[in-house]
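Undergrad: Given chain A, put chain H in place with the hints provided.
Protein chains: 2
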Amino acid sequence: MAASPLRIAPPERLRQPLAVPQRLLLGPGPSNVPPRILAAGGQQLLGPMHPETLQIMDEIKAGIQYAFQTHNPLTLAISGTGHCAMEAALLNLAEQGDAVLVAVNGIWGERAADIAGRLGANVHKVLKPPGEYFTLWDIEEGLVRHKPLVLFITHGESSTGVLQPLEGLGELCHRHGCLLLVDSVASLGGAPILMDQQEIDILYSGSQKVLSAPPGSAPISFSERAREKMLRRKTKPPSFYLDMGWLANYWGCDGKPRMYHHTAPINSFFSLREGLAMLAELGLESSWERHQANCAYLCKGLQDLGLELFVKEEARLPTITTVKVPEGYDWKEITAFVMNKHAIEIAGGLGPSAGKVLRIGLMGYNSTRANVDRVLRALRDALQHCRQSRL
Amino acid sequence: MAASPLRIAPPERLRQPLAVPQRLLLGPGPSNVPPRILAAGGQQLLGPMHPETLQIMDEIKAGIQYAFQTHNPLTLAISGTGHCAMEAALLNLAEQGDAVLVAVNGIWGERAADIAGRLGANVHKVLKPPGEYFTLWDIEEGLVRHKPLVLFITHGESSTGVLQPLEGLGELCHRHGCLLLVDSVASLGGAPILMDQQEIDILYSGSQKVLSAPPGSAPISFSERAREKMLRRKTKPPSFYLDMGWLANYWGCDGKPRMYHHTAPINSFFSLREGLAMLAELGLESSWERHQANCAYLCKGLQDLGLELFVKEEARLPTITTVKVPEGYDWKEITAFVMNKHAIEIAGGLGPSAGKVLRIGLMGYNSTRANVDRVLRALRDALQHCRQSRL
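Residue numbers (my numbering), protein chains in the order written: chain A, 1 to 391; chain H, 1 to 391.
This is chain A alone, in the form it adopts within the complex (with noise of 0.2 angstroms):
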């Protein structure tokens, strides 16, 4: 008998059993997955051109459709989280020498601004304190100082809790010759955002967050105005797994035969159509309002238990509240207990919000009455336990 080629064993820590704890998910995402969708998930799977797997991205598209409230025809799903979708929004979009423009007032369009850059773009920024918003005012200063083909904006900005108002900003962007991409990966669903109405080019989100399916797949639309630069590129997109002119056609939106593009996250997209059908049976304005709703029982929660709101109440976020850790208490500690007392996660900050804040998001299936009860509950335990801890 040959001797084995193998010098590496299997490793001990595979023989255990996969552990997963049961966790309330109030962190900014992903939220809890209901279990229509878990079901959804675990269906037996299909290949990426089987006529069944095509009729459910087609069934995607018209349901991220009436989500963005748009028509447009080149929307889709890409086969990635809401980062990857950022990156296929700017690399579909922006050639070497482009100018960005990048509203900048928390971790997302810090990373907005990375990823430009990377694809040799001129980036410039327009900045505001984490927990403020643009005005349009600080925009056009922007437009006309940097004349960009694009500005990149962020409707939910989860890293701080900040609601970007978007009226008027399209006509804005369009004025001067710029096309406008928003990112609502924190608050679609949660907050009205009307993608033709708007005037928004492009526009993207995760599935995770208000639509309540795993991560790995993110709706993703690109507005006529969108597509015809995307048209008028002089190279070829550095990716080809997210190359618009590729996608388009898989996802059966340029109108010829649909060709085999990548293995797609079959499984990801019944989940994803789950979420958005659950989305669609609910009522873009029925969910607005209960994410408003909950979030301000939430907000009154936070201040009845002596808690300072880091965002002034004009431009709140429904989906993820920010809360300032308050003296005295080392935010670590609450998460921490929150996590090991009450199985719920909160966060902390994240980017220029690291320290500063504890955020507590209200998402989709998460976004319930009793939900707001039980982490309250947990709060105020921590409040409790986690002083006494330091006295």
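Misleading hints may appear alongside valid ones.
Copies of the same chain look alike in the list, so a pair counts if it works inside one copy or between any two.
As the list claims (entries may be wrong) - With a Cα cut of at most 25 angstroms, we get these calculated SDA-like pairs of lysine to any residue: (1) Lys332 - Gly168; (2) Lys312 - Val325; (3) Lys324 - Pro11; (4) Lys234 - Asp114; (5) Lys256 - Gly351; (6) Lys236 - Leu172; (7) Lys147 - Leu383; (8) Lys234 - Leu136; (9) Lys332 - Arg233; (10) Lys236 - Ala99; (11) Lys234 - Gln96; (12) Lys234 - Ala99; (13) Lys236 - Asp98.
No wet-lab data here; the hints were simulated from the structure.
Every value quoted in this text rests on a predicted model; they were computed, and no experiment measured them.
TA: Just chain H, lined up with the frame of chain A:
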């Protein structure tokens, strides 16, 4: 009451229940997913930075090190499908102007050449007709002539059914100062590959073939030589999502505290972990033997049906068997008949093999003698009926 701002109604087609038929997936992937892996993927989510998530990622890393037979610390799973790992490999290594040598004998070499071209690399090709493999001599000629930074070659050419011999290739590349990048999406676990012993510098695979997990995550590993080249880069890679510096940190490969990078596809990781655990339990050698035996049994059965195999015996991929489309038949009629009457997926060719072959995959969970019997019965039936229909 304010008028509704909505202009697009919930789509009718999303009101229908999700319909996913049960099929035996004997195409080039995805494979069917065993109940244990479906159950893992159907667990409730965790956050991307929860200790249990990080531990599961550590288990995945150990599982990949076993499956790849490597001690490389820089071993992790990409948050995307196999294609995405191909891009991750190329975009982290190659910079503008770097010489990249691509061995093209099917679609995957073509894709790699396309991607490398998008990255601004100087792409050179060594070519072989579909169905053939490369000798060391073929490769050495290219190495001498083009002095590439990296050679891309496909171990399991799923479009043609060829298994590329790897013996001596790493040593040859290193003698010429070239890195060796190997695509093992379709072969990992089905045919021997020994990353360290074979001196492979970058190796990647997919989750949906022998590992029998859903598509959506992709194992990848980099040797110390490859890591050093990445450290010597003059420019940042043109992707943040796939930046190996960030990913190495998130996966705990760089010895520094792990930081949030992106919201990973958590439940795809659960599934991948189980796929790797099942491979470790079975053992690599048993898995290779099983794929070899079932492939041989299939090949014998196909020849007994009077069909001609596309690849000569010495170079047959044990996971995907290609057979010539028999004269007097339309491959589309055969695959449609097998799908519609027998609920079995088999595939036609892809890229350079399109129209020439039928492809039958036996991977992981699906590599059983019973499945071979089932697909042979279906094919016999198809050969009778599809010929009759054209008389």
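Undergrad: Decide, hint by hint, whether the structure agrees.
TA: Checked hints:
| no. | hint | in the structure |
| --- | --- | --- |
| 1 | Lys332 - Gly168 | neither (40 angstroms within a copy, 52 angstroms between copies) |
| 2 | Lys312 - Val325 | within (16 angstroms within a copy, 68 angstroms between copies) |
| 3 | Lys324 - Pro11 | neither (44 angstroms within a copy, 41 angstroms between copies) |
| 4 | Lys234 - Asp114 | both (22 angstroms within a copy, 16 angstroms between copies) |
| 5 | Lys256 - Gly351 | between (43 angstroms within a copy, 18 angstroms between copies) |
| 6 | Lys236 - Leu172 | neither (29 angstroms within a copy, 33 angstroms between copies) |
| 7 | Lys147 - Leu383 | neither (49 angstroms within a copy, 64 angstroms between copies) |
| 8 | Lys234 - Leu136 | neither (32 angstroms within a copy, 38 angstroms between copies) |
| 9 | Lys332 - Arg233 | neither (47 angstroms within a copy, 36 angstroms between copies) |
| 10 | Lys236 - Ala99 | both (18 angstroms within a copy, 19 angstroms between copies) |
| 11 | Lys234 - Gln96 | both (10 angstroms within a copy, 17 angstroms between copies) |
| 12 | Lys234 - Ala99 | both (15 angstroms within a copy, 22 angstroms between copies) |
| 13 | Lys236 - Asp98 | both (14 angstroms within a copy, 18 angstroms between copies) |
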